Amino acid sequence: MIAVEHLAKRFGKRGEIRAVDDVSFVAPRGEITGLLGPNGAGKTTLLRMLATLIVPDAGHARIGGLDVVAERAEIRRRLGVLSDARGLYPRLTGRENIAYYAALHGLGGADRDKRIDALVDELGLGDVAGRRAQGYSQGEKMKVAIARALVHGPDTILLDEPTNGLDIMSVRALREQLRRLRAEGRTLLFSSHVMQEVAALCDRIVILGRGRIVATGTAAELIAQSGAATLEDAFVALLGSGEGLAA
Amino acid sequence: MRRALVVAAKELVETFRDRRAMMMTIATAALAGPIFLALIFNMIASQGERARTLALPVGGAERAPALVAFLEREGVRIVPLPADAEARIRAGELDVALVIEPDYAAQVAEGRPASVRLIYDRSRDRARASIDQAESLLRAYARQWGAQRLMLRGVVPDVGQPLEIVAVDLATPQQSGSLILFLVAYYGLFAAVMGGMPLALDATAGERERQSLEPLLATPATAGEIVAGKWLAVAAFAGIVVVVTLTGFYLTLSFAPLPPVGIPFLFGPREFGRFLVILLPMIALMPSLLLWLGSRGRTIKEAQTNLSLMLFIVSIVPVAQLFLQRREPDWLVAAPISGQYLLLNRALRGEAISPGDLALSCVVPAILTIVALWTIARRYSNESMLAGR
Chain A
26 MIAVEHLAKR FGKRGEIRAV DDVSFVAPRG EITGLLGPNG AGKTTLLRML ATLIVPDAGH
86 ARIGGLDVVA ERAEIRRRLG VLSDARGLYP RLTGRENIAY YAALHGLGGA DRDKRIDALV
146 DELGLGDVAG RRAQGYSQGE KMKVAIARAL VHGPDTILLD EPTNGLDIMS VRALREQLRR
206 LRAEGRTLLF SSHVMQEVAA LCDRIVILGR GRIVATGTAA ELIAQSGAAT LEDAFVALLG
266 SGEGLAA
Chain B
-11 MRRALVVAAK ELVETFRDRR AMMMTIATAA LAGPIFLALI FNMIASQGER ARTLALPVGG
49 AERAPALVAF LEREGVRIVP LPADAEARIR AGELDVALVI EPDYAAQVAE GRPASVRLIY
109 DRSRDRARAS IDQAESLLRA YARQWGAQRL MLRGVVPDVG QPLEIVAVDL ATPQQSGSLI
169 LFLVAYYGLF AAVMGGMPLA LDATAGERER QSLEPLLATP ATAGEIVAGK WLAVAAFAGI
229 VVVVTLTGFY LTLSFAPLPP VGIPFLFGPR EFGRFLVILL PMIALMPSLL LWLGSRGRTI
289 KEAQTNLSLM LFIVSIVPVA QLFLQRREPD WLVAAPISGQ YLLLNRALRG EAISPGDLAL
349 SCVVPAILTI VALWTIARRY SNESMLAGR
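Line by line, the protein sequences give chains A and B.
The opening residue of the first sequence carries number 26 in our numbering; numbering runs sequentially from there.
The opening residue of the second sequence carries number -11 in our numbering; numbering runs sequentially from there.
Excised from the complex, chain B in its bound form (with noise of 0.2 angstroms):
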């Protein structure tokens, strides 16, 4: 054990040696997550900020003084309508137009239906909410209107309106943030994998290219006490790569100007807390995993081709998991990444984590992580590590 330890001292040492690596890597963790999550308020925001003072460009308004007064009355500015409107807003530069048809009075006069043109691109995600605002808008109108010819003619209103929908929106409002707490689950995962990645492949596959295993190996260390060595010393970076990640969130939910968004989003110094918690298992899995893939390699190239297919995994995994309409089967929380990541976005919601639930997300990665290191330390052993430059 005091072997292992002095490997694990070595391996961190040379790995802080590194500057320029660990500048990247620690930078990376931490402005990652904030840069992101800026990037993510500000199209909230702006989304906000047009519906609240939607400038509607009208075509022909003044075929329809009543329309105009009443959205006026509703807060919207109303603008003269651009000649080029529809190309504007395939380019993005207009979010909507209304069009009032000519014969807009004579259809009303007649007492049918009359005709007006909402013109938009609801391809475009920015734009959605003036949208939104504009069609409600048009159909609180036509309601209103439709109410009133009613009443001229001696009907209850309610006649046409068999159904009233009240909507009960059970979405707390930490969980109306789905795509930031997607994001903040994400880059936790995450840090957790890239964390030990240079490290891990630099004492493996690195140790090999740089021919320093055999001599290694002829000392009294066992293939063991390297071994563990070595995975105490990815698993030690991977966890301050975790922690930096996170502090980066922190820091940023917590005290960053962030534009008000309305999302009282949750995440104290308890959910910090329960990230990392959460996040441990996959902090001692993912070091064994990547020392195992570092170790099949002679070289850190060969290593790192190794390597794309598990990062692959594991970034497509939340990634399916947030386009999943179901609900989550309860299994899933004994699934490696998938486990944890459902953990996190529990945490993040602030429901209860059952210890149950957090002990059954350990126990694949805990069996995974003793057969990696097992493994390697077989490999270690064997003649075949010497062989082969």
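For reference, chain A alone in the conformation it holds in the complex (with noise of 0.2 angstroms):
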């Protein structure tokens, strides 16, 4: 589970950008949260706080009952961060560059083998995880970091955008690898600009404006409280304007 409290984070020179203002909510364990915004909403700093890359100005955040920045050396060890960077090392198979993690994460032997088998065949990656990552296609790419940030079994696992650039049957194959994931009992957030993409996939949606929160709920929820007829609609009226949101 992960449970944010009044998080907050700004930037510039005097502070002056609020990247993430006085930010709550709850992503429960075995479900699938959407954190949904347009673009400079604030997704990526929250997501980058909670992976404890930087430190939050306020308020606190738990993952799984620890502190982001009391206990960030135990949090890296179970968190999977699928992050907004998520360049692979281009002269290393998709393989090695996922056994590269899984060294990292302490992981050897036939164990890590065993482990990169099983997400190999679970992403459906087959030959192209022995060939050089130089050459892979977009959703290749996105399919080995995935199993660069999975392969160490993690409880709660973030990701940042994670369909961008993605054709459609990448998609599908990531969704069902995400709905695997929940199935697990996992915890699961997932920041997006697409409305369709976290209507398809989650239980729970956290609308971001300008780095608030503007809306929690499921879909019918939110439909709900804004009144609208559709998703969209209830979207669009919630944020004010469609502005920077993809449907």
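Just so you know, the hints here were simulated from the structure itself, not pulled from any lab data.
Because the structure is a prediction, the values reported are computed rather than measured.
There could be a bad hint or two in this list.
[What the hints assert, rightly or not] Computed Cβ-Cβ distance ranges for the label pairs, DEER-style:
| hint | chain 1 | residue 1 | chain 2 | residue 2 | range |
| --- | --- | --- | --- | --- | --- |
| 1 | A | H85 | B | V351 | 41 to 49 angstroms |
| 2 | A | E257 | B | E371 | 18 to 26 angstroms |
| 3 | A | R156 | B | I304 | 30 to 38 angstroms |
| 4 | B | S242 | A | D152 | 49 to 57 angstroms |
| 5 | A | R156 | B | S369 | 52 to 60 angstroms |
Backbone N, C-alpha and C define an ideal beta-carbon position, used for all residues, glycine too.
Please assemble the complex out of the two chains, which come individually in their own frames, going by the hints.
Shown next as structure tokens:
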């Protein structure tokens, strides 16, 4: 479970840019929580704070009961992160890219090989995993990046715009993978500016606009809350405008 | 520490996978030394060759048969003076020419100094040995002739020679090849700098450019472990390049059919080992500086710009030292680069290197290495590393 309370982060010389401003929400175990917001809403900053990469200015966040500031070493061991930046090492094969992260997580030997085999299988990477990452397509890169983030079997998984730049087939494969992880009882939080992505996958939606929470709830709750007819209308009504959102 | 080794192993695997860059680095390291050595040996040998069988064009040889006979006795081959002698000397085709003036015989008869003209272009290095030889033969002839005249007048020739100069050249045979000394030390030093460069840039600025740094920082590996791993990899690679470079020198100097130039040059297994020990602080320091500069760049290109100043300093210091006319001050041994260059030179001259000097030459590089690595680790745990692509 992820529990965020009054989290805040400012940037700029005098802290004049409020990237994340007093954000609170809960992402329960065994559910997929969608973080929806236009570009620049603060999604990446929020996820980076949860991934312990940047330190919040105010507020708290707990992942599986661990504090993201005080217990960051332990969180890093348990968390799977697909960040906004997801470059692979071009001269290593897909498999070696995954194995590098496994080794950094302290996995080794037959254990590691079995785990990588399973991931390569689940994600349908097949022979691609034995080729150098140099010539990978967007979809293949994404699959390896996801396998890399999941190699240590994390309880909680953060994904920053995972469908960016993927074709329909890859998006479908990704959704399937995320549903499988949910069925295993893991906590998933993923950000997107694509409305349909969030609607198709998420049990619970957190709408973020200009660093603040605009609304939270299930799709049905959001429609009811806004009084709109469709989910799309609900988003627009809640955000005040549909700018920066993709259908 | 285990994670640092994981990082180091991955960086090295990636480097060795880059075939073209690898081939270039290793080939340059292995061949640069031998090629330069061959050129220099060739130059020295041809200078010696020219001097040994000096072919001297003489104009008006019939006016001074005694002088010509003297020169021939000294092993000089007298050839006719070409009409365009001056132009050919200017063009570097001829080294030196001698012209005996028309009134030579008359001046001799009157007991006045007889004039001969020695024509040369001293700006040409290759001609210098021939010029010096011709000049000294003429002086020897003049001295011999003068002594004979004094004796004819009943004067002991010593009267005209109040000073006897006995030249004692303290250069051991090894020292005389100073240009080669410089080159071997310079290349050994440079290998430690250049060897790690591609890897250091790729592991820092390259990692940011490829967008693989952020996910790496989200793993349990700490910034310190990541930086230590990258440093280990770059230092190991720089070490390999140094060994390859020195091996190139060693093999060339021991086995290549170099022209015999009379320089029993000392670069055996013992010097090889001393070189490695002396260069060790550089093999530690340079990678950390390269990584420090690399980590300041968001892209490889940006990092390369940062690098050029460091490369300039590293390459200019030994050259400045070469032209330094005074004896090096004692503290110089503690200065990075200068200290190593100085000790390398001592090793090549076959001089003793005291453990104290060796230890002193490690102090500053060791401190700088630690400071640089610490600075990089701090930067890697800073949020600004994530900002900006």
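Results for each hint:
no.	hint	verdict
1	A:H85 / B:V351: 41 to 49 angstroms	holds (47 angstroms)
2	A:E257 / B:E371: 18 to 26 angstroms	violated (35 angstroms)
3	A:R156 / B:I304: 30 to 38 angstroms	violated (46 angstroms)
4	B:S242 / A:D152: 49 to 57 angstroms	holds (50 angstroms)
5	A:R156 / B:S369: 52 to 60 angstroms	violated (34 angstroms)
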